[in-house]
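Participant: Next come the chains, spelled out residue by residue.
Number of protein chains: 2
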Amino acid sequence: MNNNSAAIWIWYPGDYEIWLANQMNNCRTERGAFFPHFWKMDSHYVLVEFSKKIDVGEAEEIEIAVEGTFNIKLDGKLQFGMPKKFTLPTGKHSLNIKVWNQAAVPAIFVNGKTVKTDNSWKVTYEDKEWIDESGKASDTSATIYMAAEGWTNFDAADKLPSQYKLATEEHKAVTVTDVQGGQLIDFGKETFGFLRFHALSGKGKINMYYGESKEEAMDTEFCETLDQLSVDGNKVTDEALAITSSTEEIYTLANSKAFRYVYVTKDASVDFKELNMLYEFKPEKQRGSFKCNDEEVNQIWNVGAYTMQLTTRECFIDGIKRDRWIWSGDAYQSYLMNYYLNFDSQTVKNTSWALRGKDPVTSHTNTILDYTFFWFLGIYDYYLYTGDEHFISQVYPRMQTLMDYVLGRTNKNGMVEGLTGDWVFVDWADGFMDKHGELSFEQVLFAKSLETMALCAKLANNTADQSKYEKLAANLRAKLLPAFWNKTKKALVHNRLNDVQQSQITRYSNMFAVFFNYLSPEQKQEIKKSVLMNDSVMKISTPYMRFYELEALCAMGEQKQVMKEMKDYWGGMIREGATSFWEKYNPTDKGAQHLAMYGRPYGKSLCHAWGASPIYLLGKYYLGIQPIKAGYSEFAIAPNLGGLKWIEGTVPTPNGEIKLFMDTKTIKVTATEGKGYLTFVSKSKPKASKGTVEKIDADKYRLLIDGKEEVEVNYK
Amino acid sequence: MNNNSAAIWIWYPGDYEIWLANQMNNCRTERGAFFPHFWKMDSHYVLVEFSKKIDVGEAEEIEIAVEGTFNIKLDGKLQFGMPKKFTLPTGKHSLNIKVWNQAAVPAIFVNGKTVKTDNSWKVTYEDKEWIDESGKASDTSATIYMAAEGWTNFDAADKLPSQYKLATEEHKAVTVTDVQGGQLIDFGKETFGFLRFHALSGKGKINMYYGESKEEAMDTEFCETLDQLSVDGNKVTDEALAITSSTEEIYTLANSKAFRYVYVTKDASVDFKELNMLYEFKPEKQRGSFKCNDEEVNQIWNVGAYTMQLTTRECFIDGIKRDRWIWSGDAYQSYLMNYYLNFDSQTVKNTSWALRGKDPVTSHTNTILDYTFFWFLGIYDYYLYTGDEHFISQVYPRMQTLMDYVLGRTNKNGMVEGLTGDWVFVDWADGFMDKHGELSFEQVLFAKSLETMALCAKLANNTADQSKYEKLAANLRAKLLPAFWNKTKKALVHNRLNDVQQSQITRYSNMFAVFFNYLSPEQKQEIKKSVLMNDSVMKISTPYMRFYELEALCAMGEQKQVMKEMKDYWGGMIREGATSFWEKYNPTDKGAQHLAMYGRPYGKSLCHAWGASPIYLLGKYYLGIQPIKAGYSEFAIAPNLGGLKWIEGTVPTPNGEIKLFMDTKTIKVTATEGKGYLTFVSKSKPKASKGTVEKIDADKYRLLIDGKEEVEVNYK
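Quick mapping for you: the protein sequence lines, in order, are chains A and B. In case it helps, this note's numbering puts the first sequence at residues 3 to 718. In case it helps, this note's numbering puts the second sequence at residues 3 to 718.
Rather than coming from a laboratory, the hints here were simulated on the basis of the structure. Quantities reported herein were computed from a predicted structural model and do not represent experimental measurements. Yeah, the Cβ is synthetic: ideal placement off N, Cα and C, and Gly gets one too. Treat the hints with care, since some could be wrong.
Stated by the list, open to error - Examples of chain A residues toward chain B, derived with CB under 10 Å: (1) S53; (2) D57; (3) A67; (4) F72; (5) K100; (6) Y127; (7) A159; (8) E251.
Unchecked claim - With a straight-line cut-off of 30 Å between C-alpha atoms, the simulated DSS-like cross-links for lysine-lysine are: (9) B:K566 <-> B:K661; (10) B:K87 <-> A:K138; (11) A:K75 <-> B:K710; (12) B:K87 <-> B:K167; (13) B:K592 <-> B:K287; (14) B:K710 <-> A:K216; (15) A:K138 <-> A:K174; (16) B:K207 <-> A:K87; (17) B:K631 <-> B:K541; (18) B:K492 <-> B:K460; (19) A:K138 <-> B:K541; (20) B:K79 <-> A:K268; (21) B:K287 <-> A:K207; (22) B:K79 <-> A:K216.
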């Protein structure tokens, strides 16, 4: 809820987020061609009614700003024209504003002494209010009204939502080298923005070839993105490239691109003095931090944070060079990292709205079966980390319709299989993984999604749904082990075909079953040995699934092992020159092999959000901080050095933070909101500066943290 | 299907029609306030892919025009930029064009020697074509492709669908009178268009009060529509009224209005020389005609045709002054009249698409229960009159989802009742008609709608649906008489409450049951006496339901009686000065009483499409021409003088016409397509110029008309 007293622009929940995501998703290009996505692009309601019951103590003039054609109705009576000011008479009134906008989202901003737009206003796309022959208005008690949605940054009449832009700042090139008749310009690290020419003159063409690597920029035939500029005098004539900012001689390209290098060739008849870039970014307050004694780990955390900075935009996108799209499985990881970095709840909500889109549901999220489930999981985590019940009640109707879609496609066992048109993704391991029949991985995610539905039904006060989904979840949970657990292999098998267990074992379902707590402690230990630490089981080569693999190991206390793998894998990318983390990394690849993917020499994204998982792992499993109850009202702190000498850092909470320092003798904790247990291992009885340390197991202790002061614990 | 060889602009079926209808529906104003409708306003798919498998004999350059941001893919490979020309290489290829447009409808126009856009192109809003890690494209066999839709008038690259406008021509005032310090301008008859000021000068305000009547225009406080213009020099400063056309001194208002009179007041400091209007209309070829010996009847037909001309626009609207909206029950009658006047199939399709909108269905059509059913009935008639199977297959998916909505709201008896938020309209007779429980009227329409579903399922080759809907229709049909027929009253009762017949008898269900042939011949005769010709049953005061009342009487051969009522009722309006037919007419009203409705002194519309029913009745039941099989492949001609001395006229067919002349001795028929029987009554054996007259009953004869020549029959 919007708790401050400032007026904000408001709209129908999800509509602006979907509209903005369309603008963003449609920025993808491939070698100069527009490249939109292949699933349904939804749109906003073009006609929306906003309303509020008001009670003004004295006549009050309100300022009205609207995006669209609109009318104002006071107590059922239409007012003349589309006024910018309007005086509300004393007393109780119904104020209704109805807006039509096809190109952008119907939105209003009302600002008076007491009457202001915020999310206490109601909105509907269909008021169903008609007038009968006698002039009597209809019964609108069945009309569905939602709470309006708005962002706190749109807090003035002239801050139009349709005009929203990310921030920019000009960055200069680090080196400029003449190569093969062109210029190779290096901006020093992976970056994202608009090329900007200074002192452009003459007449002719300029070609720009972008590269995340030097190899890509120099390969004019195969680089993934490029631009071409036609200059005539100081006028740019190529209409495909509009000019967004210009003085006498500065030209900024219209579409931002991802690159570290740009290779520029041009006709001799055209010239420019300098090529800079306008770095485009979402201003974020970095509220989380991590430091330790190992500089390589610190560097991994920093490169992860920078990867997140580049991929946190209007929404969380996958990677900045190629797709620039919102992908549910990718976004789900961004959410988790975000809770340990910026705690930017708005961007989580934006991304969830955008991914879900509008009804009717005509495909899985991004067409991918597993991505539908990650969407539900993202809602679950959002509530757990933020405690924001309001969002759950707003989004719940779309959770229902998406789950209806899933349930409408289950087989005779009540399980999901990929049907024609469904992408069963799991991970990039095509050719090594069977995608037919009932995949255990999909059923595990499906079960968790049903549990999420039950939880959210409860929050939305829908007890019928709650019991329906609890039953469905319990039924599916009960089938998981009988269907997939193989006693000989001591693992969940990858899939079943025609009710018969297949022989392949993959890591995917096993690791999710571990941290979803779907297994007995014995089974978890068996899986650790038979799958997670078993080199004969197909290795994971994407940071995407490594995220969960390492999380599963951490959840079983293998922080030392994970630290080693983190340094090998993410450290490995850095040693290969990475300034942001990659879409996929195979340590045995050499040179340009690292750049290829999808059958294209530079198909791989070198800045991919899912590459930044150390942010999450270090916060949740080394600093050891996580919410136990919604919004950190209760938290757990179980720090683990994982072989390091000391660690320190901050984990943001909705309205505060938890700070932790740990070395081999001391733990210091400050939690500015919530309460919860600090749990740790000590060989002898520890001492705390405040509170009573309880022994809970051999060498295992806990201490209740409840209060804003720092608590220091001495242990051995 | 588009059978000519010209390239046309194409789009996703229904999308442009919905978009255009939004523009049109949103032109309603009430005393200067924007007045959009109260049901969901749908929108187009913002991202659409067009595709075509082509085979070119020699390399061919195509011209490409697109509304939106787009890409071109040839054989799966994206092409650079957004070219206006593109050369297709020799051979077989896949050509795909993907377009994004938020503000207007994604549409393309491709024109080459052999490759041209038409409705053989496929479209989808979701191609589900992704690329796996190895670069392999997905299986898109489950992707839903529709045939593209386009209008034949958009046949050049520069005829952009988004720029479509109705035609205009300047009309001058008939009289200008100075009254009470202002000018009362009379345009001589009901009209529709944009006011246009000539030689506007000075600085100040001009107020324009519109009236369909003199009383309304002069009543500045209560007239339904008005405009205000702020002039500064020769600049108009009021931004609510944009200028659409201007030379040095001509100002045309931005929004068209309906009126006969305009009362203009102004500041002394502002002046103009002349106030004209730009008449706005849809150019139509009037293919139907009717004439007879009675000049009053001819005038009724002509005023009806003018009423239709004014209300036939981008779609068929209800009335031109107030709503200017598409209402399903109103449109249904416009369709029927249109088949006897312009046979403008495109506008029927446009209106059907616009009324139906997009999924999900969240309310009845226009929120009105009966209007949902009239939508289905309109589809049924469209097929019967035009034989256009292609449209049925295009619209069938939306028929399914609308019927699903209806079926999801039936009660334990499988019948419909008005639930909260459903408008049970029937007719304007609020206060005199019970709208609770199961109305017989709604069930009769529901049964016919289910029959329509079964028919269209068959046309769409959906045999499962066909049998499902046949069963549902038969079940409901079987319940109608047991539920509603009252043997004592010899009529269908108005409604049932809690399974109990209520006592009220109204005309509505009885007359529909007659011409839907849901009754035995005996029951029909009983109803004629007990209801239709029974003055103690509540009279109908809207032309809307008089349409069906008179149709029911005509269907039972009461043309003479109907002719009398037509002359009384429609003749009555003309005697009251009507230049177009009204929304409602009560012959006992006096003076300004004729103008009031909805509790407002000028609430009534004086140009309402549903007022024009004589067009339909005279064509179908006097000229006696109607299709028996789809598209007039078989027709029936059963002319009836109805007390007149002679009648003559033309009824259009999809690609031809049927001409008929009849007096008391002769019938002349020319049918340029189809075949069918001419049926007539003669006291003695008639003679025909061609073919063999068969006797089919006492005094009843028939003659097969099959051939394009005129056939003359002499009878007594």
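Participant: Hint numbers the structure violates, sorted upward?
Facilitator: Of the numbered hints, 1, 2, 3, 7, 8, 10, 11, 13, 14, 15, 17, 18 and 21 do not hold.
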